[in-house]
Every structure is written in structure tokens, then in C-alpha cells.
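Produce the entire structure from the sequences given, and follow the hints as far as they go.
2 protein chains.
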Amino acid sequence: MPYIDTDTESLITKEGVFDDQLFRQSAEIVVSKLEKYLADSSIRGLALSNPYDLSQTAKEIMNQGQKDRALCNQEKLEAIIDLYIKTGIQVYSPGYMGRQFSGVIPLAGLIDLISSIVSQPSSFYEAGQLPNVVERIMADEFNQFIGWSPDSFAMVTTSGGTLGNLTALLAARNEKFPQIWSEGISALGDQYRPAIAVSEDAHYGVCRAAGIMGIGENQIVRLPINQKKQICIDQVGPTLEAAEKRGLKIFCLVASAGTTSVGAFDSIDQLAQITKEKNIWLHIDGAHGASLLVSDQLRHKLKGIEKADSFVLDAHKMMFLPGVCTLLFYKNKEKSYGAFRQNASYVFEKVPDIYTQFDSAEQNFECTKRPLIMNLWVLWALYGKEIFADKIEYLCQLTQEAYQILKHEPDFQTIHQPEVNILCFRYVPSNVSDNLLSDFQLAIRNRIREGGKFFISKVEIDGINSLRVVFMNHRINTHHFHELLDEIRKIGLELISGT
Amino acid sequence: MPYIDTDTESLITKEGVFDDQLFRQSAEIVVSKLEKYLADSSIRGLALSNPYDLSQTAKEIMNQGQKDRALCNQEKLEAIIDLYIKTGIQVYSPGYMGRQFSGVIPLAGLIDLISSIVSQPSSFYEAGQLPNVVERIMADEFNQFIGWSPDSFAMVTTSGGTLGNLTALLAARNEKFPQIWSEGISALGDQYRPAIAVSEDAHYGVCRAAGIMGIGENQIVRLPINQKKQICIDQVGPTLEAAEKRGLKIFCLVASAGTTSVGAFDSIDQLAQITKEKNIWLHIDGAHGASLLVSDQLRHKLKGIEKADSFVLDAHKMMFLPGVCTLLFYKNKEKSYGAFRQNASYVFEKVPDIYTQFDSAEQNFECTKRPLIMNLWVLWALYGKEIFADKIEYLCQLTQEAYQILKHEPDFQTIHQPEVNILCFRYVPSNVSDNLLSDFQLAIRNRIREGGKFFISKVEIDGINSLRVVFMNHRINTHHFHELLDEIRKIGLELISGT
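So the protein sequences, as listed, match chains A and E.
Under our numbering, the first sequence has 126 at position 126, and the numbering climbs by one with no breaks.
Under our numbering, the second sequence has 391 at position 391, and the numbering climbs by one with no breaks.
Honestly, the hints are just simulated from the structure, not real lab data.
All values derive from a computational prediction rather than experimental measurement.
A couple of the hints might just be wrong.
No copy labels: a pair is met if it fits in one copy or bridges any two.
With a Cα cut of at most 20 Å, we get these calculated SDA-like pairs of lysine to any residue [what the hints assert, rightly or not]:
no. : residue 1 : residue 2
1   : K335      : E244
2   : K86       : D20
3   : K14       : E35
4   : K249      : E183
5   : K59       : D140
6   : K36       : T13
7   : K59       : R136
Dropping the structure here:
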């Protein structure tokens, strides 16, 4: 009888790496470190390290005490955690105003810990009973704000917005060209090419999808955008028609509910009218902004979402959950089964039963899918939508106030009126010439990052770099924004004077 | 000045949902529950519930105490955790012998908790400095067992084996047909169709990739397999040539290092000879078995892996980490940049600097990528490869012993000599006729699952269902396997007698 205890002097048993005691000890270390981290309210951004130096540090920790392992493992673990925390963007600090991820709701992290340990890959009901059931509960909860008929729609969780968008695009492609799945795009011949219409300002993931799907990035039809960076409704019809004349067959129009660059919301309601007439699938990339559904105050920005064929929502963005948790909604449940088709006896039951009806493997890309929905549901069960709505509303309000502040500062240039929690602007002191303006913003951004106090991002708008702030932390107030502007001025002047 | 404290009676501040104190309190609840769960060594499989009943239970918990939220939230949280744990497959129990996921190394779960909280999406060095550096360290660690020249190869983490396989297939497709990314498959015209050669026993995810990529599942060329379920080397050449004659242009051959059904290892060394001659990309789906690289005793099963153009390894399978953590290796570093191509000013820096050199966003599908590598690296830093090798070796040895046991039991039929920790067999008492054998295995499997003591899976082999055991727990010994056989006999007899 083989038994690892008796056969070998294995580390597994000798050090008890699977045991509850070591788990408790390590948990104490981890929780204490995180507790301290969460309590630190100092203003800080990012301590950027030279990657080669950091690599050296990591290797040194790794190679410590190779001879007396157990003795030094607690020390090593502590050193690693300290280094991991220290080298990250300080997302819970008011100094972090940079990107679309955030300091998460800590309880969600703890639920994620449970998911890590209990191992319930949730593409199959059998392996993740509660996550699969909860996915339907959350679908119904969200549908309160959408308004589809019960049981007529579907919601599937998947691993990230890019994968969510790809999945929806596949469902759209396969509906319009059912032969592609089996026969390939070659089977369509040379008559026309399948194509996708997207905003000029669409996320790179959407264009990537065209490359991945074999459609080709050249078959991306760019819809012109207006001053507010929304798709120009007037130009959609003519652009689509011109594309059709070039031999393109557009099967999907992708609009945005919160563009990545400036947070613009396309007019879903008006686009839906056009796509309906033209019999084109309307998909909304709501990775950033579809979470506004939970806010009574802000939901109107998504007007018409119930007319979209599909949309994605990244709960790891504006619902403040650990990455990743993407919700993909379909107006028509049947169509959610059209994204993939396959056969595999060891996973798919030939005769659906009461259990396999709840499987999601035929609808989502993943075979092993983390039970992503649990983090969201537990918070929802404990706090309802308010916890999300309150924070989203605060962040959007703060962004409006920051915009007002900028408008009163003559050395700053606003670029757009913010619609959500993303605000782009430029620092334009009078002594910087126009042709240097773009490089100047980039230099400011990088030096702010180096300074380590604030962290902001940058984005190219109309060919010129601009500074970009994303408010993801409710502990930020307008005082902090004023401090940021002071920092920008200070750095700007240093750059101008060459110091 | 807007400030969430003063403006609203928000739950966020009232209940302190982002605060360190509530984190500590919730952590205590979560850690205690998990500690108890890890300490439970009873033999149990899965308590399968009716999904509608479970949904009802979940809703009841959710709707408790809507009026006095704070008071009841601790109670609710406890009820949810209990339900989540109870309804899962009991992966740490010796009764679980069912699938390729496992009770993870608990410390990995705790590192995952840190990753959840510190929010370091690791497609970009800036946002996840340590994960990006560590990815290269782990690449070098693995390369000790592969043997490529330093700096000539690449390793990228991605979210799951299916995504890893798709990424490699895209790199292969784009290398052979560089025009597809921009122009689409239509641009190739009707001369030939891009095609992929795979084992008859390949994972469904590989075939799905053909559908996704626009190549079409019909352009999957099935390579015949032998008795051991390996690709028949003799038949590869003729099969490829026949396919070329039908107008297919095979750009990639996908072999398996550990098939999902029985754990068969294809002869990589011999396949590499063929693909080299034919100038075809060789990709190895080593989701299950490539982890054997870390074992001096078992590495030989991967002989020739250094000749493959790419391979994937799921560390959430045989390295016992939380799902998901997939490592995708490329022999040629340059080619890892060929899977995707795009342009997005807000993420990709136009001029690479010392930091952006460490970005992985151009090589991996994800924009927001969880720092998957950290769970693996921390364990590696603390325990080295031994912790993984010891367990893998034990599990493979146990599987051999279980196979020997079966060979001595006349009422059981073995189907293959196991190569790894997967063992398929059938219960064949003399009074079950051949035409009922397949349904009989399925019925046994389902009734075992219902019994709740053991959890095993099933797989169709040569058109007939068989029972499938995957040993993922080192606490299982041959006594437990004997107990399983007794259970199978008992249930088999019940089924025969119609009780």
C-alpha cells in the first residue's frame, strides 16, 4: 500500500503544506499584512523599480536558506508579501487616480480565497452548484434594471471583457454565417467579406477579435465619432452602406457604454434603431460603464440597452471586484448557445438532465472557469445594489467637480465633459508651444509616476497626448485633485526649466 | 468639496465595507471555516442538490434581514460560506477521485487572496511589477528541465488551457499566413484551406479553436490513434499527405502530453521529426501532463518537448494551484509576439522603454490579467520543485498500483495501462450483456455520485462508456481504491437486481 507518509520523507507531509495548521499560520501572516495595507491612508502612487533590480531582489529572497527551509519559510513569506504589496500601484490610496481597476471591496477578496480553496470550476453545475445557481439569480437581479421578459434572456460569466466581447462577436458571426463554424470563412467564397462596425475609439480588444476570428482587421469598419467621442449617429447609415458597396457584409455593430479613453457613452437607443433596420447584431462593450445600470441616478446613460443583442459588463471595474469577473448578457437566450459548438463525451452529457441544464460550458469559452460570480453575489446578498450605486455616484459626481475646477484654471485645458469617472485634460502653460504639447503631457505623466505620490495615466486624443484621471477610490476628494494639479504645475515648470 | 462621508448616509462608510477592521472580522470567519474544512478527513464525494431547491435556499439567505442589514450580515456570511463549501465536490477528501482539479495547496489560495486585494493586472509591468519579473524567473526555472538556450524562448501566463492553446494556434496560423490578421481568411482565396492536425482524442477546446479562428471544424484533420490512445506515428505522414491532396494546408499539429480522457502521452520526439520535415508548427497540449517536467522520475514522458514550437501547462491541474494558471511556452521568443497584433495608445507605448519591455499584453489575450504566476512562484520560492514532484510521483505510483489491483479482479476490465494519474476501467460482472455495458457504467457512475461517498467521472472510449478515476489527492491510498471497488460492486448489483 503506497502512502506518502511512510514511503518518502516528503516535504508535503513533513512540513504539512496541505494541513489546516499551516494554513492558519500562513493566513495570520497574510491577513495581518493586508490589514495594515488597508489601514494605510497615506497619499502615494507607485514606486516604479528597475525590472532587473527587482528581479535580483526576487531571486535573492527565493534563494535564501535553501539548506534550512522550514526555519526560514515564514521569513521568506513575509519578505515576499512585503515586496508584492510595495511594488504595486497603491490602489487604495487617494494618490491613485490612474486606471480602471481599483482597490476592491475587501470581502470580495475573501470570497475569492474561498473559491481558490474549494475548487469549483463552474462551467459545469456538478462541479460548482452554488455558482451556477447564483449566476441565474444575479442575471435576474440585473434584469430588474434592463427589463427583458423573464427566462427569455441569458447571462454568462466569463474571464474578462476581451473574452466577453469575443464571445458575443462569435455568437453574432455564427448566427449570420452558420457555415463558418464547420466549414470556415473560406466557404463563403469571394462574394463578400464578413465585417464588424466599431467606433473609431473602440477598445483594442474588439479589433483584435477580428484578427482572431479570421475576419481580418481590415474588415473593421470605423464609425466616425463626434466631439464627445460618441459614434456619430448621422454617419452610421452612410458608413455602413459604403462598406457594403466595397463588398463587406457587416454582421455586428459594436458600440461602447463608457469608452476606455474618455468614458463616452454611445447612443444605444438610436443605434438600435439602425441595426434593427439593417438586421445587424448590436453589441455593447459596457466593460466600464454598464455597471451604471445599478444606479437609479445614472442608468439613463444606458438608455436602450434592452434593445442590444448583447452587452458585457466588467464587474472588476466599476463594481470594485477582484479581476476578473465579466458578465455577458444576451437579449435572446437561445443565441447564447451559438458562440461555440463542440462535442466531448467526457464533459457534455448527451441527454440533458436537471443538472446539466445549469451547465454553462456550451456558452462560455472556458472549460475550467473560476466561479467568478460568487464575489459579486455575496456582496449583493449582504449589501444589495446600494453599495455599488453609492460609490459609482460619488465617483461620477467627483469627476464633474474636478471638471469644474479645471475649467476655472486657465493653465489647464479640458477636452471633454466627463460622462462617468474618467477625465482627460492637458496642462497648457503659455510658454509651451503647440508642437511640443503632446510630448510635454507624456513627460509630465511619467515624471508624476516617478515621483511616487500620484499615479495617473495618459491617452492620445485627436493625435495629442493628454493626461487621464480615472477616479476609482471614494476616499479621493477635491482636495486631492487640487494637490494633483499643484504637482502637475510643479513638474511642468521643472520640465520647462530643464531641471 | 464632495466627500462620501458627509454627503450621504452611505453603506460604504456606515458599515465600513472598505475598512481594515471589517476585513479582519470577515477574514476571521472565512479562515476559521476553511481551517475546519481542511481538517475534515472524512471520506465523501459530492452532495448533489436539485438546482431549483438550491436556488431557493440561496435566495432565502439573500433576502434575510433586509431591514436590519448590519445586524444579520455576519450570520448571512456564515450561512453562505457553509452552503458554498457543502455544495462543492469535496476535493480534499479521499472520496474525490473524479476530475483534473484538486484540493489546492492552501498557501496558494492565500497568495491568491493577496492578488485579489492588491489589484495588479499583470499584462503591464507598470501595474504588476513583481508578477512580470517573476514570470521570467519561473520561465528560467522551468527551462532547467527543457534545455532551450537562455533568452531564446518565451513563457507567457494566460487564463486557462483553452486560451493557451488558442493563443499558440494563432501564433502558428499568423506565422504561416501572415496576411490573415489584417486581410482575413477570405484573402487566401479558394486555392487551399488552412487546417490543423490533431489527435483523434484531442480536447474539445482544440477543435473549438478552429471554429473560433474561422478555419472551420471541418478543417481539423484527425490523426488516428493506437491502442494506447497515442497518435499513430506511422499514420501521420499518410494522413497529412491525404489532407494536402484534399486542398488543406496544415499549419499546426497539436499533440497531447496527457490526454484528458486517459492521460496518454504522444511521442513528441517522433512527431517533431515529422513536423520539422513538413515545416509545420508543433504544439503540445500539455495542460494535464507537462507538469511532469518537474519530476526527475517522470520527465522522460515528455521526451522531445524542447523540439516543440510551443506547449501549454496548466499549473491549476498537476501543480495543485487555484484555477486558473496556464503557462504557455514558445521555443522561439520572437514568435510569441505573433499571436496578436494591435495598436492602442493608452496601453501600448510606442517607444519601448526598460519597463514596457516587460509587458506581456502583446503576447497574451487578456488586457486585465490576474497575476497568475504569483501563486506558483511563492510555493516554488518556499519549497522548490520537490513539493510538486513528490506529489505527482506519488499519484502516478498510486495509479499504477490501482491498475495492478484491477488486473487481479476478474469482474473489472482494464482499458489502458495508465501513464499518469488517470485510470479508466469498466465493471463487467458476467451477467451484464455487452450491449448494455455502456449504459451500465454510466448508471454506476451516476449512482456513485448520488451516494455522496465517492466522486468519479466517466468517459467514452471506443464508443463505450467507462469509469474514470483521476487521483489528485495524496491522501488517497490503495485502501480507498479498494473501498471504491466495493462500492461499485454494491451499486452494480443493485442496478442488476433493479433496486
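These are the hints, each one checked on the structure:
{"no.": "1", "hint": "K335 <-> E244", "verdict": "neither (25 Å within a copy, 35 Å between copies)"}
{"no.": "2", "hint": "K86 <-> D20", "verdict": "between (28 Å within a copy, 17 Å between copies)"}
{"no.": "3", "hint": "K14 <-> E35", "verdict": "between (30 Å within a copy, 19 Å between copies)"}
{"no.": "4", "hint": "K249 <-> E183", "verdict": "both (18 Å within a copy, 14 Å between copies)"}
{"no.": "5", "hint": "K59 <-> D140", "verdict": "between (49 Å within a copy, 11 Å between copies)"}
{"no.": "6", "hint": "K36 <-> T13", "verdict": "between (32 Å within a copy, 18 Å between copies)"}
{"no.": "7", "hint": "K59 <-> R136", "verdict": "between (45 Å within a copy, 11 Å between copies)"}
Violated hints amount to a single one, hint 1; each of the other numbered hints is respected by the structure.
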